[in-house]
Structure formats: structure tokens, C-alpha cells
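Visitor: Given next are the chains, with one letter for each unit.
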Amino acid sequence: MRERIRRSLVRIGAMAGKEARHVVRDPRTLYMSLGMPVVMLFLFGYGLSFDLDHIPVAAIDQDRTAASRELIRALTVSGELEYAGEAADPAAALSGFRKGALVGAVVVDRGYARDVLAGKRVPVQLLVDGGDPNVANQVLAKADALVRAETRRLAGPDLAAQAPPVQVQVYTRYNPEGRSALFLVPGLAAYLMAITAVLLTALTVAGEWERGSMEQLFASPIGRLEIVLGKLLPYLVIGLLEFLLVVAFGMTAFDLPLRGSGLVLTLLGFTFLVGMLGQGLLVSVIAKNQTVATQAGMLSSLLPSLLLSGMIFPLENMPLPLRALSRVIPARYLVHGLRGVLLKGNGLALLWPDLLAQVLFAAAVIALATLRFRRRLA
Amino acid sequence: MTALARAAVRAAPDAPAAPPPLRPSARVQLAAVFRKEVQQTVRDRRIMFLLIVAPLIQTIVFGYAVDFEVDLVPTVVADADRTAESRGDARRLLADGTLLRAGSATAAEPAAGPAIDEGGAGAALVIPPGATRDRLSGRGERLQVVLDGSDPNRTTVTGAAASRYFGDLGERLARERLATAGRAPPAQLVLVPRVAFNPRLKTPPFMVPGIAAMLLVIVTAFTSAMGLAREREMGTLEQVLVTPIRPLLLLVGKMAPFVVIGLFDVTLLVAAGTWLFEVPIRGSLGLFYLGTALYLVSTLGMGLLISTVSASQQQAFLGAFLFTIPAVLLSGLMTPIRAMPGWLQPITWVNPIRWFAEISRGILLRGSGLAELWLPFLALAVIGVAILTSATLRFHRRIA
Chain A
1 MRERIRRSLV
11 RIGAMAGKEA
21 RHVVRDPRTL
31 YMSLGMPVVM
41 LFLFGYGLSF
51 DLDHIPVAAI
61 DQDRTAASRE
71 LIRALTVSGE
81 LEYAGEAADP
91 AAALSGFRKG
101 ALVGAVVVDR
111 GYARDVLAGK
121 RVPVQLLVDG
131 GDPNVANQVL
141 AKADALVRAE
151 TRRLAGPDLA
161 AQAPPVQVQV
171 YTRYNPEGRS
181 ALFLVPGLAA
191 YLMAITAVLL
201 TALTVAGEWE
211 RGSMEQLFAS
221 PIGRLEIVLG
231 KLLPYLVIGL
241 LEFLLVVAFG
251 MTAFDLPLRG
261 SGLVLTLLGF
271 TFLVGMLGQG
281 LLVSVIAKNQ
291 TVATQAGMLS
301 SLLPSLLLSG
311 MIFPLENMPL
321 PLRALSRVIP
331 ARYLVHGLRG
341 VLLKGNGLAL
351 LWPDLLAQVL
361 FAAAVIALAT
371 LRFRRRLA
Chain B
1001 MTALARAAVR
1011 AAPDAPAAPP
1021 PLRPSARVQL
1031 AAVFRKEVQQ
1041 TVRDRRIMFL
1051 LIVAPLIQTI
1061 VFGYAVDFEV
1071 DLVPTVVADA
1081 DRTAESRGDA
1091 RRLLADGTLL
1101 RAGSATAAEP
1111 AAGPAIDEGG
1121 AGAALVIPPG
1131 ATRDRLSGRG
1141 ERLQVVLDGS
1151 DPNRTTVTGA
1161 AASRYFGDLG
1171 ERLARERLAT
1181 AGRAPPAQLV
1191 LVPRVAFNPR
1201 LKTPPFMVPG
1211 IAAMLLVIVT
1221 AFTSAMGLAR
1231 EREMGTLEQV
1241 LVTPIRPLLL
1251 LVGKMAPFVV
1261 IGLFDVTLLV
1271 AAGTWLFEVP
1281 IRGSLGLFYL
1291 GTALYLVSTL
1301 GMGLLISTVS
1311 ASQQQAFLGA
1321 FLFTIPAVLL
1331 SGLMTPIRAM
1341 PGWLQPITWV
1351 NPIRWFAEIS
1361 RGILLRGSGL
1371 AELWLPFLAL
1381 AVIGVAILTS
1391 ATLRFHRRIA
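First to last, the sequence lines map onto chains A and B.
Take the first sequence: its position 111, counted from the start at 1, is 111 in the numbering used here, and no numbers get skipped.
So the numbering used here is basically just the index in the second sequence, starting at one, shifted up by 1000.
Accuracy of the hints is not assured; some may be wrong.
What the hints assert, rightly or not - Partial chain A-side listing against chain B, Cβ under 7 Å, derived: (1) ASN134; (2) ALA149; (3) THR151; (4) LEU154; (5) LEU217; (6) PHE218; (7) PRO221; (8) ILE222; (9) LEU225; (10) LEU320; (11) ARG339.
Unchecked claim - DSS-like, lysine-lysine: derived pairs with alpha carbons at most 30 Å apart: (12) A:LYS99 <-> A:LYS142; (13) A:LYS99 <-> B:LYS1036; (14) A:LYS142 <-> B:LYS1036; (15) A:LYS120 <-> A:LYS99.
Note that these hints are calculated values from the structure, not bench results.
Computed from a predicted model, the values in this text were never measured in an experiment.
Note that CB positions come from ideal geometry on N, CA and C, so glycine has one too.
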């Protein structure tokens, strides 16, 4: 028994050695897997952000008094909302929305100064372009806060000095400045890992079929599972290096914290990689026509890992069938796990379900890939 | 043969028959390539499925998946005050549906941390003991809202909801206090939002046109990138090259069937979007199709350009991949271009997806016309011509 295991390990080692030599002799794979994710993380880490500043907002000032100008100045002085000139009427603002030159318009009604002086309740209209709901939400939240501040200022110093009857302090844990990078970069890292890992194995095994060298492999005494494992091994090493590189890069370039344990992080990355490399292997085992294979591969990995992993769109909001579907997408577990380890400092006590799911996925795809190998031979 | 030459032949019927032209007319060349590509594509049922049915299914699935809307955030209420007022505050704060009570605790602070750490709760409202007493005595009540900051979008909306409720409450109480003291209250400004084009701020009307743009680029750039590379691998490219077809016509003929498929796809996707996700069609559909056609020319052209520089299908695949991912993520489809750093924004000018996103959202959502969208149209046209020219030039050089 022990002898059989030893021999099997030798065969796996030989397979891995052959595969590693492929990689070393064609360093493009190495460049692609180590360089590309870092470049992309750099680009997307800066490029993907929800944090808006200088949002162009026009003023429709129908009052034309010192008070109305003061209000407009108060709303735009911080630069979060940026004064983009005067608009004649709401129609002109809508035309600005259509051009994409404006996102909002503050409408100050006639009689504003008079009503403020009379101590009335004065409506301040904000016309917002709802075309991008995310941006619109930010504009509304910013404007609401600014209008409240202006109310307090108008109340005068003696009222402002009084202790307000209710004060609410908002504490934000994990990401007090609300930087989107801290939210997006762990997700991006998981996404980039997901796509490069599939790509690594999907392409190399396809090459073996094309060159006809797969037949030679089958003629040797090596078993199917041994081929699969041997093929995975070198890419696992590359993938793990890549994973650590990406995380380290995220930590240096985007101030990503590592609040949890590095070991848990590595464990998460390891199990995830086995699963994704296995998926690539499975794709290339099944593929006969490369055009079909790439279309199927792209459609089944590029978008699902992006949209159903919780990387950008929160999973809680999705309808039940989609949440169920997201459970078979490994990127979902890595996104959750990475955020847990990096931002929240969670340990295995909280993250074991993610780890377990990744292990199950890996076992399933490797088993499937092994089974499909036989059918090809027959 | 040019029209002039044909006219000359007609004008002189007695002249000896002109030698047969070496090259069939452009129309004939184009039609031949077109027919060949259509037959090749239609014969493969699986590829037809992937080109037409898969994008439709994906639009429907992802249309339901993409939702930036924040509601029902699980909230733990840690009420250590336990008075009628504190219970009322908690109830009214949760009433608008942004927050959803996920648990209660009677001990104040220690409960909030673990509830959020374990990932179950997105927010916690902490009411310390004696809060109501402080409010009534005029000392000022202090409350805490603890938020899970790992999703900044959710944090913004949740925090805004809590600040709004307690801000309004504080204003009201301060005014009541002034009134009892017999002083005139100062003016109160109230923000009245009016949201144009998408009053309920739904995500799908914004994202479904974006998803359509993503699917179109995946379907077209990858198929056309593989197209030439495949012919090269199978050796049929040599046969095509010995025919009298001009490279430009060959490329255009290869693209044409996919432009048709892409336009068909976009019709399906827009129809699904209107029926299922309330995507409006406010502008001109004709203009929308023109924009889509221009977009398809640049994505297909990009695929062809990639395939002229790659030796195998694998390389073409990798090239298409390296083009598609940055193009999708840096296009403003998901995150606003305005939020990108200044040095990155000019790079998006050469990205066809960026311009198509502006065109499709402008026409469908905002009812924009050519007067407002001339820049994206011009940009797409320029990008399309530039890509097609360089693909043709590359192709020439490969042949030479």
C-alpha cells in the first residue's frame, strides 16, 4: 500500500516536473500570471471607485437676493457639489443632464429671502439626474447634510451654541473614511484570481490536446487522477505566489489592512485556487471546438464572477434564486473571506463555512475533470 | 469594374468584348465573404446558441442580480434606556424600510461590536441608559449608530437614514423648546428632492443597458478575434488569400454577419429590459441602432485587429481577454468615470464601451438626441475607423 502511494507520488511529481518545465520554457505564462493581475489591480484599484467629488450642480436662482446667493454658495463651497453656473429653468437643467454636463440643479424659489427672514419652513428644491442611481443617492445625501448645516447657520449663534436635544454619533467600523478602495480591492483581487486561474489551466491543457501529446501521456503508466493533480501542482504554486503578490500589492498601494491572520488568508487563497484551476481543467477537458469553449468559458466565468460574487453588487439584495446560484460561484466565498480576514480581522471561527465551500467546490471539479478524462479516451 | 467602365462598355456595343475583369466587383466580393461567414456560423448550432440565447438569459439573470439599492439593512437595536420614547424612536427609525430589525439587546455597547463582526448586522442603534431623561432635562441626548463600513455604498445610505431621522427629531424638539420659551423659531430649510428620469432610483434601468454593452463586447470581440486565427490554424486562410478578395473587403465581410447578429441581440436585450426591468425608451430607437452599429464595428474591428497579431486561437483568446476586462471595468458601466483619478480619465476616451454606455443610457433613459450625444457618436466613429484601418494595415503586412 505504502509502496503504491510512493509510486503514485513519484508519477505525480514527474507530471508536475514536466508541466513546470513547460512554464519555465514559455515564460509568457509566468509574465501573464504574475504581472497581469498586479497591473490590473493597480489600474482598477484606482479606476474603480464610487467616491465622487466635484459633482457639477447648476443653480436656478429665481430669488436673486443676497440670501439666495448665500445658500448656493453654502451648498457648493466645500467642492463636493461644484457650482457649474446658472441654469435658466428646469428645462435647461434637464438638457444639461442629457448632455452629461450636469448631475443636479438647486432651485431657489422666488421669495426665499423673505421666507427665511419670516422664520418659515422653506423648501429648497434639488433636481437630480436619476440616470445613475448611485450618483443620485450620493448627491442627495450630501445635499441633505449641507442644507441641514445651512439651517443651523441661519438659526444664529445663540441657538447654535445651545446643546441640541438629540445628538447622534455615527461610528463606522472597519472603514471609517468610507473609501471604496477598501471595499473593492479585496473583491478585485478575488476576481482577478478567479479569471487568471481558469485561464492558466484552460489554455495549457488545450495545447496538450492540440499537439497530440495527450495521447502519449495516456500511453504511459500514469493514472487519470495523477495527471490532473500533476498538472495542477505547478500552477498552484504560481497561483499562490500570484495571490500573495496581489494581496501584498493591495496592502502597499491601497493601504489595505491585514487585521486577521496571514495563515487563514493563505488557506483561503489555496483552497480557492485548487477549485478555480480545477474548473479551468474541466473546461479544457470538455472543450472540443475552441471557439465554443472560449465563449462558454467567458460567459460562465467573466461575468458571473463579477456580478454574482458580491464584489460590486451586494448579495443580500438579490432575489432568492440568484442567491442560491451565487453559492456555486467560488469567487463569492473568496470575496467574503478576504473582506473578513483583511478588513474585519475575522478568524476561522467565522470563516470556516467559506473555506469548507471552497474545499467542496475543488473536490467536485477535480472529480468531474478526472471522470471526463476517461470518456475522452474511450 | 467601375461604373464608368461599365458605361463605356454599354456605349460601344460594336467594340470587341472587353477582357473579363480580374477582380469581381466590391459588392460581389463582399457578398461572397458574407455568405461564407453566415453559413459557417449558422451551421454550428452551439455557437448560435451562445451568440443569441446565452446573452438573453444572462441579461435576465444579471438584471435581477445588479442592485445598488440599499434597503432592509439588518440592524441590531441595543436599547438600554427601555422607555416608551426610546422604543418609539427605534420603531420610527426602522419604519421607512432602509433598516430592518435583526435583533435586540438590552445591554448597550458591548452588543453592537460582535453583531457587526459576525457579519450578521449592518448597523446597530445604541441607546444608552438614561437617554430619554437627558433629552427631557435639556442636557442633550446622545445616541450612537454603529455601522459596518466594509460596503461604503451601504454605509452612506444607512448613515444618511439615521442622521436624517434624528436630525429631524432634534430640529423638532429644539423648535418646541423655543416655542415654549416664547421665542420665534428661526427659518428651517427643507430639501425637496426631485429625481428626473428614474424617480424611484432603481438600479436595473441604469445597469441593463450596461449589461447589454458588456455582453455585446464579449460576444463580438471574442468571436471575431478567434475568426481569423481559426482560419490560420486550419490552413483555410491561405485559400482565402489566393482568391482576389481585397483585405479590407475580407475584414468587412467577416464582420457584417456579426453586426447583424449583434443588432438582433440588442433588440432582444432591450425588449427584455423594457418588459422585465422597466427600462424606458425615451429617445429615438433609430439613433440607438445607429449607435449600436457603430459600437459593433469597433468591437468587431478590435477582435479582428487582435486576430491579425496572434498566431493561434489561444493567443487571440488571450488578447481579446486582455482587451475586454480593462475595457469593461474602466468604462463607467459600473462606477462613474467622474470618480476616477484625473490621469485615468483621458484613457477612457479611446474605450468604445465608454461611449456606447453614454449613448445607450442617454437615449434610453434620458431621451437624449444627436444634439446632446454628438460627441460620443463622433468618438465611436473615429475609434471604429481607426481600428478598422489598423486591422487592414496589419493584415496587409502579414500577407506581404
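Visitor: Work down the list of hints and note, for each, if the structure agrees.
Guide: Outcome of the hint check:
no. : hint                   : verdict
1   : ASN134                 : 5 Å, holds
2   : ALA149                 : 10 Å, violated
3   : THR151                 : 5 Å, holds
4   : LEU154                 : 6 Å, holds
5   : LEU217                 : 19 Å, violated
6   : PHE218                 : 22 Å, violated
7   : PRO221                 : 29 Å, violated
8   : ILE222                 : 24 Å, violated
9   : LEU225                 : 26 Å, violated
10  : LEU320                 : 10 Å, violated
11  : ARG339                 : 5 Å, holds
12  : A:LYS99 <-> A:LYS142   : 23 Å, holds
13  : A:LYS99 <-> B:LYS1036  : 42 Å, violated
14  : A:LYS142 <-> B:LYS1036 : 58 Å, violated
15  : A:LYS120 <-> A:LYS99   : 36 Å, violated
Checked against the numbered hints above, the structure violates hints 2, 5, 6, 7, 8, 9, 10, 13, 14, 15; every other hint is satisfied.
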